[in-house]
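Engineer: Protein sequence lines correspond, in order, to chains A and B. All the letters of the first sequence, read from the start, carry residue numbers 3 to 270 under this note's numbering. All the letters of the second sequence, read from the start, carry residue numbers 3 to 289 under this note's numbering.
Don't read these hints as lab results, they were simulated from the structure. One or more of the hints may lead you astray.
Unchecked claim - Covered by chain B, per the in silico footprint, the following chain A stretches (three or more residues, Cβ under 8 Å):
| id | stretch |
| --- | --- |
| 1 | 79–93 |
| 2 | 97–103 |
| 3 | 115–122 |
Where a beta carbon is used, it is the ideal one built from N, C-alpha and C, also for glycine.
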Amino acid sequence: MNLAPVRTSPGAAPYLEMENLSKVYAGEDGPVRALDRVSLTQRRGEFVSVVGPSGCGKSTLMMIAAGLASSSEGRILVESKVIDAARTDLGIVFQNHVLLEWRTALENVMLQAVARKMDLKAAERRARDLLVSVGLKGFENKYPRSLSGGMKQRVSICRALIHDPPQLLMDEPFGALDSLTRDQLVLDLQRICSERSTAVLFITHSIAEAVFLSDRVIVMTPRPGKIDRVIEIDLPRPRTLAMRESPEFAQYSREILGVFLARGILKE
Amino acid sequence: MVDMVSKDQTLLSIEQVERRVQEQTRAKRARDRRAEIVYPILVAAALLAGWELGVYALRVPVYLFPPPSRIISSAIANWELLLRESWTTSVEILAGYAVSIVVGIPLAFAIFRWPVFSKSVYPLLISSQAMPKVAVAPLFVVWFGFGLIPKVLIAFLIAFFPIVINTVMGLASIEREKIYLAQSMGLSSFDTFRLIRLPNALPSIFAGLKISITLAVVGAVVGEFVGGDGGLGYQLMVANGSMDTPLLFAGVGMLTALGVLFFWIVELTERLCMPHQEKASGSIGSA
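So that you can see chain B by itself, here it is in the shape it has in the complex (with noise of 0.2 Å):
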């Protein structure tokens, strides 16, 4: 069997082999491919199928722990509500999260650029992340009222802090060569910063972006825990307030999916931002 073997690999010629082997590694993509989007799709089948299973098998009360079949048809009888609510709930965290970018990143450029101005701004950064955000939330209430902007704001609070980090950091951290180089090509400070630190930074930045995202849909809601009047945050209060843990489920899961959704559009950003990117760097995970 053994020399079989060697002996047809004895006759093959280069290019069959080449052929071969594309076709292999081709074949073998294709698999991970297929795995990719079959796996997770497989995995969370077997756990929704496990749940529903388990609450009929322990007979758990619906108002409880709802079944996902319970969770699926509310939602479908509440589609419009939904959709309605995560309406206004986006509005509210991508006004959080444009505020963060126009001052965070401004910020950052500041604090990379005047080293006195850091000093003074740094600690002030600090503790307004050390600051429980949710416990002024209130207090935003009573100065803006329950309309959009005390959400805006808690977004804003919550989501900027990692986008002037990583900005900074992204900014600071580069190779001296790199400024070697431009200082001996005669660059304007101007256009070394243009040319050479902002692109350098720009990973940093979108791993800050990443992270902020998410953070802006965590104080959309806690905005509308508050003092809402409307929005996904909001309906859960009414949803659990009334016993209807199906639509609460319902509602949690829609402000997921936002979060997922939101994620993947500044992901797709980066990728387009950075084409010599092999893969985004980072992900959820790492996020």
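This is chain A alone, in the form it adopts within the complex (with noise of 0.2 Å):
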């Protein structure tokens, strides 16, 4: 059961609808399927994460979603609106933490209060608080070279949060950070995801980040990219560290491991 109270019932009308996309890259010894009819439905506040091995076209997938990329076959829908060009309803965040070099952590989170004409006092109030709450305070005016990786990731978060919008997109976010950052900024996502009714769509390679954060955890495999199987995590929240040794987590984990050994990703 999901205890937190902002998420919303399985009832509710989807936010975010992805419709059979297919992808195809034409390449030089012959066209490369990249995705192959994905379809994927999303509530509002859902935590999704896609798992897959490099390769598996969950990156794809989030571009398509973003609508920076266009699919060559199948369409997402908004809110029931089809998506036909740059989304602007989001939050991203990348692997790397593209923090714009020349602007202080305060002034790279502002910069998206600047480019929506938010109301500058106000935005800047939130993006102090949000800096605060990820445990940056007394770093608001360092330029990103003098912060670690792990604080200029939880600067892109804050940058990608300040307009509260939607929905959050993350692309194998803590994918670079060593893995006490990974924990912390796990524990951290979980917090900030449940202070609000954000659907996240979160690609990672790990098994063990994707049931810890996930209402719903897509598994994909490669060649081409399909989605192999959909898991619903029913683990009550907030999760701690300490569930992930818990039975029912493991359990999780070895279905999802089952679907790479069955198809021959892992071999053991």
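Dock chain to chain to rebuild the complex, using the hints, since each chain is given by itself in its own frame.
Structural biologist: See below:
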């Protein structure tokens, strides 16, 4: 059962719908199938992870979901409206922090507010609160070069949230960080998500991260990239690091691992 | 002895260690700063002294290779002339440089913005660089006479190319994610340019500006060589003609000083424009 208060009931209308998305690249030695008829819906406030090995098309899927790349076939709808350009109803966190090196931490977060012509006074208060809430008090006026990798990624998460978007897209956001920093950021992300009703689409290759954070895990397999299994994660929230040792957690991890073993992506 | 040291260290509190490390670091920084100033001066002084002594020891005639003392006394004797000619040359350099920026940067924007324009203009641009500018300099004299304009034009022709190339490169080399980010924020293409592309290109643009300023000096002097009635380049020719080698050296020294001064000003502007950078990108060595 989901105990988090803001999470909407399963019966609610979907926020994001992806219908039969296929993507084919014209390669040197013939076409490459990156995505093969991928369909996926996501409710408001739902945390969905896409987990799979490199080359399974999960990043392509995110680019198409963001409206930053076009699909060869199929369509996406946001609140039942077809999307044919870059979506602006979202915040994006890339694997690389993508901070502007000539702007301080605060100014980087504020870029979003400037771009959207928000009330700058209110936005700055909010940006400062956000930075404090991810443990960056005192680093507001530091340039990216004097922040650690984990801090930079925190700033970029703040930048993706300052306008309170209904959707957050994260493409392996913790992939470049050490495992302790990852654990902390995963906990922070869970807390941040519990405080708002953002639909998070989280791309990762870490099974543990996917199970820990998600309401639903989409398991993808490569060549061609397609959805192999969808697993509802029915663990109480807030989840704790200790729960990773629990039998239920292990059961979910094994199920995902089982898919990769069965498809020969992992061999024992 | 070793025992003593380790014993001493265990007695120090972390605050004491902290203070010691701080002091050591500060002392080292001060030493480094002093070395940065003192060593170049020492090396220059040694070279000058060696030059002076060498010239006397080998009895080299002054008209072939004057000792530093003669150059300095010539510079002092002719200080009014040198300053006046420096002013003339400076105006030519700065005017040529200004035209290079005013033409080069918008040209680079246009090349970046319109691929068709880029395809049609690029070959012209490359050939303008391959063309030996010294060879067309006399033509400018025929067209524009002996005044300021031909020198400015030659300085411009020589100096504008690195600005264009570096600006185009700076604008084009941007992480794709930064553009994605801008799109997801709903930034217009003008705002993306203003807030992201242009600041992203600044280090590269300044690299071009720094190469250009040194080339503008060369251009102005070339212009004066070919058809001048004033300026340091013209004075060099005159001094050469009258075998006044000390004055010739003084003029070369003056030109060098001008070049270094203008370079510093560009570098200072760069640092003011990009306070986030620890050190200015590139230096006279890389330029």
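Engineer: Which constraints among the numbered hints does this structure fail? Numbers only, ascending.
Structural biologist: none
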